[in-house]
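Student: Okay, here's what each chain looks like letter by letter:
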Amino acid sequence: MIKCADFSKFYAKKQIISESNFEIRSNTVSFLMGPNGSGKTTLVKCIMGMENYSGQFYFDGKNINQVREKCLVIWDDCPFYTNISGINNLMLFDKNQNKKRHIVEIASKYIEFELLKNKVKTYSYGQKKKLALALVEILEPEYIVMDEISNGLDYDMMMSLKEDIRNWSKSKTILLTGHQFDFYNDIIDDLFIIENKQISLYRENFHNSNKKLGEIYHETANKK
Amino acid sequence: MKQQIKNELMYLLYSKIYIILLLLLCGIFFAILFMNYNSVFDSYDSYVRTKQYYQENNLDIEEDLSGTYTYEKVGDTVNVSNPILYYKECVGRFLYAASPEYTTSQMLESSILFFPLLFGILGLVVSNNDYKYKTIKLKSVMVSKRDFGIFKQLSIIISSFSILAAALLIAKIAGYLEYSIVCTKLPVSDFYLGGMLPRSTVFTKVMFGYGIALLYAEIGYTLGIVFKNTLVGAAAIAAYTLAVPNLGKFDLKNSLYYFAHNVFDFYGVISLEASKETSLFAAISVVVILFILFITVNMAVITRRSSYDC
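Line by line, the protein sequences give chains F and L.
Counting in my numbering, the first sequence runs from 1 upward without gaps.
Counting in my numbering, the second sequence runs from 1001 upward without gaps.
The set of hints was computed from the structure by calculation and includes no laboratory data.
A few of these clues could be false.
Claimed, not checked - Each computed EDC-like pair below joins lysine to aspartate or glutamate, with the alpha-carbon atoms no more than 16 Å apart:
hint : chain 1 : residue 1 : chain 2 : residue 2
1    : L       : Lys1002   : F       : Glu69
2    : L       : Lys1134   : F       : Asp77
3    : L       : Lys1002   : F       : Asp77
4    : F       : Lys172    : F       : Asp189
5    : F       : Lys99     : F       : Glu142
6    : F       : Lys100    : F       : Glu137
7    : L       : Lys1006   : L       : Asp1147
8    : L       : Lys1006   : F       : Asp94
9    : F       : Lys95     : L       : Asp1147
10   : L       : Lys1134   : F       : Glu140
11   : F       : Lys62     : F       : Glu137
12   : L       : Lys1132   : F       : Glu69
In isolation and in its complexed conformation, chain F is listed as follows:
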């Protein structure tokens, strides 16, 4: 569980997120909804201690520096060293001292073996996404944040990723953000929204409701 207490964020004197309190449950898939510029990525940056903020985040009672090795963020732009091969990138980000053969075995589920040997600069956006997804199985993090994870993926990959996310959520805390609501509709447990600069839990066990994310997005937009 990730517990957020009295979180707020300012850039210079401009408030981005006003005081928010919420809990991201363990073994669930949580989704954070909000329009562009509402502070979704800012929240991720602050949860991971990449920027200064007011408030506290607790990871099952611990602070971020006590659990960093158990965290992974898959960013929308999938940063990798583009001047070296995909497989070498995976080896460089591996902290579990996996053997190269094991890493290749995992990565081959997501991306063709031949492509792994190529420099990442030759990869398409979707291929870089797949490479980043391989990191989830290689690093085995407990806390995963995925920003716009479905962007750039082909249909088959999206379908299998949905299944993977459901499976991963059995043992991990997962937070997703994005705008392709059709992808997220049937995999999320808890829905958080950013409204009036405040982050709050909109609905627990979202899959039990008959609503779609798109409808909720429009409702909140119309309220404004």
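Keeping the supplied structure of chain F fixed, place chain L upon it in accordance with the hints.
Tutor: Here is chain L on its own, set in the frame of chain F:
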């Protein structure tokens, strides 16, 4: 931490940074060896020509060789009172500089001139690679920004030593080959110079050379962290080392010149301008204070700045 340092070193290996810097350093070392090789033969040619002149004019070679000489430089003109002895000593000095005994020392004498830019670039590359590829966004999730800064600097310490050690070893082998060629072409024993006592041990020279490499790698790393740009940092180091004159007592260059003249002998082709007035205490203070200052600045910037904005 150990795994993170290992991964950082592996990146430098995969991205061929090690091999590029090693080749550059070996290139510099080979150029010095080549220049010294030429100096041996140039001075030997001058000696032979002078000897011929003596023989053609029935001058007493042995008498002059057992005497002394004076060397005076006025403008572009050089006046040498006893040229045959002067050239014989030149041949002996360059032969000694070309000998395997002196190879490592001569390579390290170039540290003051070439290490700033070379190892400064190493520091710049280490600091900038994660900004350039935005991989700091991934890394700073898995390790704290403080630890990120520490393992980067530890990787610089290991990398600088590895590159320097490898280049010195290669130069040593090349030096052996070069000297064996010289020995087949010149009567080396005729020019033996006794009593050339070194100012310091080879270990001290290696440590001094490594210290310069580390200091400028740290400066490069800090400039890379501050500017997030390799070219700006490289230009700043190049301008400081090549264009800015020695500013005196509190200039880092002056302190390093002071140490270099106490550590190295400069028997070969490398020469270094004299340091301006300073003291051991002042020179040590300048180096230590700057080293601490650069570490403090880069750690402060890295821990306070967002690790998302690349």
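Student: Confirm or reject each hint.
Tutor: Hints, one by one, checked against the model:
For the hint linking lysine 1002 of chain L to glutamate 69 of chain F, the alpha-carbon distance of about 13 Å falls within 16 Å, and the restraint holds. This hinted pair checks out: lysine 1134 of chain L and aspartate 77 of chain F have alpha carbons roughly 9 Å apart, not beyond 16 Å. About 28 Å separates the Cα atoms of lysine 1002 of chain L and aspartate 77 of chain F, which puts this hinted pair outside 16 Å; it is violated. Restraint check for lysine 172 of chain F and aspartate 189 of chain F: the C-alpha separation of about 13 Å stays at or below 16 Å, so the hint holds.
Taking the CA atoms of lysine 99 of chain F and glutamate 142 of chain F, the gap is near 21 Å; set against the 16 Å cutoff, the hint is violated. Taking the CA atoms of lysine 100 of chain F and glutamate 137 of chain F, the gap is near 14 Å; set against the 16 Å cutoff, the hint holds. Note on lysine 1006 of chain L and aspartate 1147 of chain L: the hinted pairing holds, with a Cα-Cα distance of about 14 Å set against a maximum of 16 Å. Annotation: proposed proximity of lysine 1006 of chain L to aspartate 94 of chain F holds, straight-line Cα distance about 11 Å (limit 16 Å).
The suggested pairing of lysine 95 of chain F with aspartate 1147 of chain L holds, with an alpha-carbon distance near 14 Å, which does not exceed 16 Å. Between lysine 1134 of chain L and glutamate 140 of chain F, the direct Cα distance comes to roughly 22 Å. Violation of the 16 Å bound is thereby established for this hinted pair. Distance hint between lysine 62 of chain F and glutamate 137 of chain F is unfulfilled; the C-alpha atoms sit about 23 Å from each other, more than 16 Å. Pair hint lysine 1132 of chain L plus glutamate 69 of chain F does not hold up; C-alpha atoms about 23 Å apart against a cutoff of 16 Å.
Going through the hint list in order, the structure does not satisfy hints 3, 5, 10, 11 and 12.
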